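K.L.:
Residue numbers (our numbering), protein chains in the order written: chain A, 812 to 1126; chain B, 136 to 233; chain C, 16 to 305.
Keep in mind that the hints were calculated from the coordinates and are not lab data. Keep in mind that this is a model prediction, so the values were computed, not measured. Among the hints, a few may not be true.
Unchecked claim - Just so you have them, the derived chain A footprint on chain B, three or more residues with Cβ under 8 Å:
1. 141-152
2. 168-178
Said to hold, decoys possible - Chain C regions said to be covered by chain A (calculated; three or more residues, Cβ under 8 Å):
3. 100-107
4. 202-214
Ideal placement from N, C-alpha and C gives every residue a C-beta, glycine not left out.
What follows is the residue order along each chain.
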Amino acid sequence: MNEQAFTATIDKDQRIEPRDWMPDGYRKTMIRQIAQHAHSEIIGMQPEGAWITRAPSLRRKAILLAKVQDEAGHGLYLYSAAETLGADRGDLTRRLIEGRQKYSSIFNYPTLTFADVGVIGWLVDGAAICNQVPLCRSSFGPYARAMIRICKEESFHQRQGYELLMTMMRGTEAQRAMVQDAVDRWWWPSLMMFGPPDAESPNTAQSMAWKIKRHTNDELRQRFVDMSVPQAEALGVTLPDPDLRWNAEREHHDFGEIDWSELKRVISGDGPMNAERLANRRRADEDGAWVREAAAAHAAKRREATARERQEVPA
Amino acid sequence: MSGEVKHEWPLFEVFVRAKRGLNHVHVGSLRAADHEMALHHARDLYTRRNEGVSIWVVRSDDVVASGPDDKDAFFAPSGDKVYRHPTHYAIPDSVPHI
Amino acid sequence: MSFDDAYQALTDHDDDARWAYGTGFADPLAGVPTALPDGVDGADLAAYCLMLGDDALILSHRLQQWVTRAPELEDEMAIANIGLDLLGQARLLLTRAGEAEGAGRGEDDLAYLRDAPDFRHVRLVEREDPDFGHLIARLLVFSTWRLALLDRLATSRDPVLAAIGAKGVKEVTYHREYAAGWTVRLGDGTDLSHRRMQDAIDAVWPLTGEFFAPHDVELRLATAGVAVEPASLRSEFDAVLTEVLHVATLDQPAPVTVGRTGRDGEHGDELAAILAEMQELARATPGGVW
Chain A
812 MNEQAFTATI
822 DKDQRIEPRD
832 WMPDGYRKTM
842 IRQIAQHAHS
852 EIIGMQPEGA
862 WITRAPSLRR
872 KAILLAKVQD
882 EAGHGLYLYS
892 AAETLGADRG
902 DLTRRLIEGR
912 QKYSSIFNYP
922 TLTFADVGVI
932 GWLVDGAAIC
942 NQVPLCRSSF
952 GPYARAMIRI
962 CKEESFHQRQ
972 GYELLMTMMR
982 GTEAQRAMVQ
992 DAVDRWWWPS
1002 LMMFGPPDAE
1012 SPNTAQSMAW
1022 KIKRHTNDEL
1032 RQRFVDMSVP
1042 QAEALGVTLP
1052 DPDLRWNAER
1062 EHHDFGEIDW
1072 SELKRVISGD
1082 GPMNAERLAN
1092 RRRADEDGAW
1102 VREAAAAHAA
1112 KRREATARER
1122 QEVPA
Chain B
136 MSGEVKHEWP
146 LFEVFVRAKR
156 GLNHVHVGSL
166 RAADHEMALH
176 HARDLYTRRN
186 EGVSIWVVRS
196 DDVVASGPDD
206 KDAFFAPSGD
216 KVYRHPTHYA
226 IPDSVPHI
Chain C
16 MSFDDAYQAL
26 TDHDDDARWA
36 YGTGFADPLA
46 GVPTALPDGV
56 DGADLAAYCL
66 MLGDDALILS
76 HRLQQWVTRA
86 PELEDEMAIA
96 NIGLDLLGQA
106 RLLLTRAGEA
116 EGAGRGEDDL
126 AYLRDAPDFR
136 HVRLVEREDP
146 DFGHLIARLL
156 VFSTWRLALL
166 DRLATSRDPV
176 LAAIGAKGVK
186 EVTYHREYAA
196 GWTVRLGDGT
206 DLSHRRMQDA
216 IDAVWPLTGE
226 FFAPHDVELR
236 LATAGVAVEP
246 ASLRSEFDAV
256 LTEVLHVATL
266 DQPAPVTVGR
276 TGRDGEHGDE
286 LAAILAEMQE
296 LARATPGGVW
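Kindly produce the complete structure, drawing on both the sequences and the hints.
P.N.:
Right under this line is the structure:
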């Protein structure tokens, strides 16, 4: 296979597979995109993971534990896809904890109350689904297949979040206030999850040509706003944007200006929780080193023992 | 630190039989120190929603694969054996269940 | 699944059986009669269900504390799985305790509104794990004991306990296998891991005495064919542990005997910290619905 065949495959809307010829730029971009996505799943376990032991009912506890476990699984599907391109998970993990590779900025915000668990499911997972559903058609086969599996599982995540919020809205005045407060804190960061506006997104054109990105940031953001408005109404919460209104001419909702300086600050490492999220991940990796080494040492001993036995048995 | 740090455990490919009567299908990979651990991890990772009845794990470096450039040599010869394909046989619509 | 309409992807959920919780999964108690068996004292049965339920609930809590801290992501999955299984057992057992008690308390009342002296778990499950070796050592002794117990419970005269036992056997078989696998890898791994695994076994061993110390409630219900007599589990426990520790090149500590136990409500300071964390939000929101 060569460049011509690569381009022809993309043009026919077929998938590129790991052993196919591909441009270096495509390989690097895919590894970076998949690794960042995997890192986001793994770091994303922390904000909600903090509430598992404190969940206020055993049913919610089971749901949350299953959800956070799913996120570890999603991280693994994605690292697995990245490894088909020759990346090594140990190396990618090192890049994450040394701050050389990014993860989604949304996970640098703190989870202050249990309502945050619901709002993360509704808005953050909802935004993630908007981003990810088109990626089920990514031109890179292993990534597309991982995304299909992930999207299936994410829809449980969004539904459990929304159901928790509906339940809390039927509860006490204090619970309703908790939900509104969480919506106020998470709405704008959720909109930032789609990335910078198209005008400032230099890689978009190449990524669209390679079919590893299917819609622009602004298109996806608009779709998310349009989806969320009726859901907020049904829930009985107010989205914290005075400029949010239906535009009959565009047949879309208009919404207010996003504070891009905040996104830049959080992406560059200055969000409320950046340092703690990475420190936790680093500690887990370091604390586990002796365990991983022991397992590798044991496996090596067993291989040697098996080899010795084979030598001793006459053929 | 360099970018050369390699994972301590080898990579395994995982194949799952979704239900009786179907083939094992490749679902992805994982890291494990040995085969037993790989099977355990595969169960946790790839079948936690009751997706499987049987799992195979194979060390990735034991898989021998045809290269994409071998495509013609490997697969073109069977491309003309049209009789292997069921649509080769014209059967009247009036014949049921076939 | 529709690829471009995210909305539809969310509502396209006719295969709910795939989800990890809730709908589509077989209810382990479907069709099981819930009336108390003849001649069984409700208070005794409630106390017994709390014992087994609290064991699972508190150990699950300790496993939940490992989330995001496991040595490898694959183990993250395994530990969460085991925590979920035990949480599921706890929910069934606390619910049964509430039924047997007959005072209208449900699983959440029992988990969130009891104080430390009312908990009935063995003290082993309270300990904080200083490292992964301790997590494994505790899981090994706990799941070896509990598998033997659940296996016998599957023939209990109480149909609910019998169903819980039958379901639990499948789960705990896997837990024991996971713990035994790691005990061998760490015991027969590096010098450092061998030392740490031996320390962990030595640390949890004195707490295994409680497994076999009979409580009056257990003895009465065992006579009635409902509960498992604790001392009857010792030979299976010893046989499995001897085998695993031998393969792991670890020394087996001497047997221990105990006085008052967690089954009597005797607990360490660590339980207060667990309950403070677990119950804080539920108690701080009176009238809240979740």
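K.L.:
All hints are to be evaluated individually against the structure, with a verdict given for each.
P.N.:
Tested hints:
Remark: the segment 141-152 of chain B is confirmed as covered by chain A, as 5 of its residues place a Cβ nearer than 8 Å to a Cβ of that chain, reaching the required three. Restraint check on the segment 168-178 of chain B versus chain A: 3 residues with Cβ-Cβ distances below 8 Å, three needed, restraint holds. With a threshold of 8 Å between beta carbons, the proposed coverage of the segment 100-107 of chain C by chain A holds, since 4 of its residues qualify and at least three are required. Using a Cβ-Cβ cut-off of 8 Å, 6 residues of the segment 202-214 of chain C lie near chain A, which meets the minimum of three, so the contact claim holds.
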